[in-house]
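S.K.: Sequence:
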Amino acid sequence: MSSTPPGSPQRGRGRLRLVPPPPPSVYGGRLRRDVDDPGRAVGDGPGADEYGDEEHDGRYPGGRYVGRPGSVPWRPGRVSRPRHPPARRAYRLGSPRRRLRVSIVLMCAVLSVLGLRLTQLQGFSASTYAAQAEAQRLRTIVLPAARGAITDRAGHTLAQYVELRAVYANPTNVRDIAGTAAKLAPVLDDSTEALRRRLTTDPAEHIKFVYLARGLTPDVAEKVSALGLRGIGITEERGRTYPSRELAANVIGFMRHGDGDILEGGGGLELAYDEVLRGTDGLRRLEANPAGIEIPSGQSREKDPIPGSSLRLTLERDIQWNAQNAIADAVRTSEADGGTAVVMDPRTGDILAMADAPQFDPNNITARDTPALGNRSTRDAYEPGSVNKVITMAAALDRGLITSETPMTIPPFITRGGVRIEDSEPHGVEHLTAAGVLARSSNIGTVEISERVGRIGLEQALRSFGLGARTGLNFPGEGAGLLPAARDWSGSQAATISYGQGMSATALQMASVYATIANGGVRVTPRLVDAITGPDGVVKVTPQPPGQRVVSAQTAATLTRMLEAVATNEGTAPLAEVPGYRVAGKTGTAKRPDPVHGGYQGYVPSFIGFAPADDPRVVVEIVLDNPKKGYFGGQVAAPVFQRVMSFALTTLGVPQPITRPAPLLLDLDR
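In my numbering, the protein residues as written are 6 to 675.
No lab work stands behind these hints, which were simulated from the structure alone. Do not take every clue at face value.
[Said to hold, decoys possible] Just the calculated beta-carbon pair ranges, DEER-fashion:
1) 375 <-> 161: 25 to 31 angstroms
2) 250 <-> 211: 40 to 46 angstroms
3) 620 <-> 250: 50 to 56 angstroms
4) 599 <-> 177: 28 to 34 angstroms
5) 492 <-> 672: 34 to 40 angstroms
6) 599 <-> 418: 21 to 27 angstroms
7) 406 <-> 546: 50 to 56 angstroms
8) 496 <-> 661: 43 to 49 angstroms
9) 196 <-> 262: 22 to 28 angstroms
10) 110 <-> 214: 51 to 57 angstroms
11) 207 <-> 115: 18 to 24 angstroms
[To be verified] Quick list of in silico lysine-lysine cross-link-like pairs, DSSO-like style, CA-CA up to 27 angstroms:
12) 633 <-> 596
13) 634 <-> 596
14) 308 <-> 188
15) 188 <-> 213
16) 228 <-> 213
17) 228 <-> 188
Every value quoted in this text rests on a predicted model; they were computed, and no experiment measured them. Even for Gly, the Cβ is constructed at its ideal location relative to N, Cα and C.
Produce the complete structure using the sequences and hints provided.
M.R.: The structure is reproduced here in structure tokens:
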């Protein structure tokens, strides 16, 4: 039994239930009218049970179950069966304090979370979110530094910086793609469809920057800006132009777009001196609206760019131009695969010209130009052939093993290491002097002289002249050639190396060899950069390392006299003679290695010489690769030498000698 007082609400199964009032005995057992309903009688009259009511089949007074569905309602006029007064429905509500406490706790929790978040935003992460907000409205524009110029020795511009513009788009801000493309097409000289494709991007990728056109002049950029197109912008970019086009392109190099689409040196001096030439970019930070348009009254900060330094080269423009034309003509007429020409000042190592064929235009490089992008003079190693004989002679002369008049007996052939060695022209037994061996370019005589020097002595001489190592020019891709150690030479290789087969060198290395002889036996490092001018106008001349003596001055003078005999009717290169000047030089007709099938295939003719022989001012080297029409150095290379040397001497104003010495004795049989 429940102890809940009668008439009190009870709780059960989640609903409020009324407890019936006390029994009718509290009314004294008399029948009376209900004060609340006079038409209703209650009491203990006939028919009433012990509670003073009619039989109710277990119901509570009033004939109904209080608060339960299905209870029988009272109907007026029925007084024969009096009822008890209706139960007073008294409700006990839950305590409001509990609900208030819960509400307060929830409100405090919400306010605490909001307070903590606000504290985080304003106290701990204020700078982070402020920076993010600033980044949304601020744009950083790179102000490209002016790249330094490249000039020849007289200041003629070979490469220069130009102001160019690029048109870009933020596709997310371009609302009318078709209309924007149609308006830009005639200004950018592009098709509407091509521009529409660039402007159409995948929204999921959120691409906000695409180039529409690059390398534009400022005038074209102004026309684009005047259109006022939403989402279209203009930016500055580096530009490079080469006024003389192909002139010295193999030396100057070219530009390319590197990481981050930054324009950088791609070859030649543009690459070697990229950090010197490019300068330091500036920055500009400006406030812009969501469409990317600068807010005139917004904040703006700017850091000025610092221009790059300029290079003054040792090249002489006119001599370079003549050398390029001469080697290009020779390659074309001889149907050679390529060719190179080097012009040097032997006293300083200054390179006056360095020309290759074929050439390329650095303003407009195409795929077919790829093989020509390097520098043959420094990159390509070849077996030099007979021009290498001068080193063998120098080693023997400097050691006192021979003189220019030392008699030599030259048989028709000799065998070394199982290899038959012959001269280029068949002959019987000949009697020549050492000078005659060099003038007639006898392989047999050179091998016999090298055997007097010995393997170790010959290797030392070759390396002292700079073979087997880079020249120190500081040029990208320069090769060192190949010179095996003497201990690794086979029997035949010890013989063939003496006349330039079985080892390799670059054209620049061989030009340096002859410059050493022309400079009295002192080797100097070749130079291409004469001076660097900084953005402040200060000129710093490139220092020249001290020269290294290779052979004595007397040996160099004797070699010069012996080399003079080559460029005569008695030697192998009468076509190398320059009217009015004494020329000293040597022909080369080397076998060309076949990299595909092995062995040799084709020839590499060459001629290297200097003039005037009595006071050398210019060294010229000509090399042709695999010509199809003629292959002897005296036939195809010597005439090109004569053309280049004659022009260089005239351009430099070199005086002609007053006297000529008596010719050397070459042939003892005459």
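S.K.: Could you run down the list of hints and mark each one as holding or not?
M.R.: Do the hints match the structure? See the list:
1. 375 <-> 161: 25 to 31 angstroms: 28 angstroms, holds
2. 250 <-> 211: 40 to 46 angstroms: Roughly 43 angstroms apart at Cβ, these two residues keep to the hinted range, so it holds.
3. 620 <-> 250: 50 to 56 angstroms: Because 36 angstroms falls outside the window, the suggested range is violated.
4. 599 <-> 177: 28 to 34 angstroms: 59 angstroms, violated
5. 492 <-> 672: 34 to 40 angstroms: 37 angstroms, holds
6. 599 <-> 418: 21 to 27 angstroms: 24 angstroms, holds
7. 406 <-> 546: 50 to 56 angstroms: 42 angstroms, violated
8. 496 <-> 661: 43 to 49 angstroms: Hint holds: Cβ distance 48 angstroms, inside 43 to 49 angstroms.
9. 196 <-> 262: 22 to 28 angstroms: The hinted range 22 to 28 angstroms holds for residue 196 and residue 262, with Cβ atoms some 23 angstroms apart.
10. 110 <-> 214: 51 to 57 angstroms: 52 angstroms, holds
11. 207 <-> 115: 18 to 24 angstroms: Violated: the Cβ-Cβ distance is about 41 angstroms, outside 18 to 24 angstroms.
12. 633 <-> 596: 13 angstroms, holds
13. 634 <-> 596: 15 angstroms, holds
14. 308 <-> 188: Distance of about 34 angstroms is beyond 27 angstroms: violated.
15. 188 <-> 213: 20 angstroms, holds
16. 228 <-> 213: With a Cα-Cα distance of about 23 angstroms, the restraint between residue 228 and residue 213 holds, given a limit of 27 angstroms.
17. 228 <-> 188: This hinted pair holds, its Cα atoms lying about 11 angstroms apart.
In summary, the structure is inconsistent with hints 3, 4, 7, 11 and 14 from the numbered list given earlier, while agreeing with the others.
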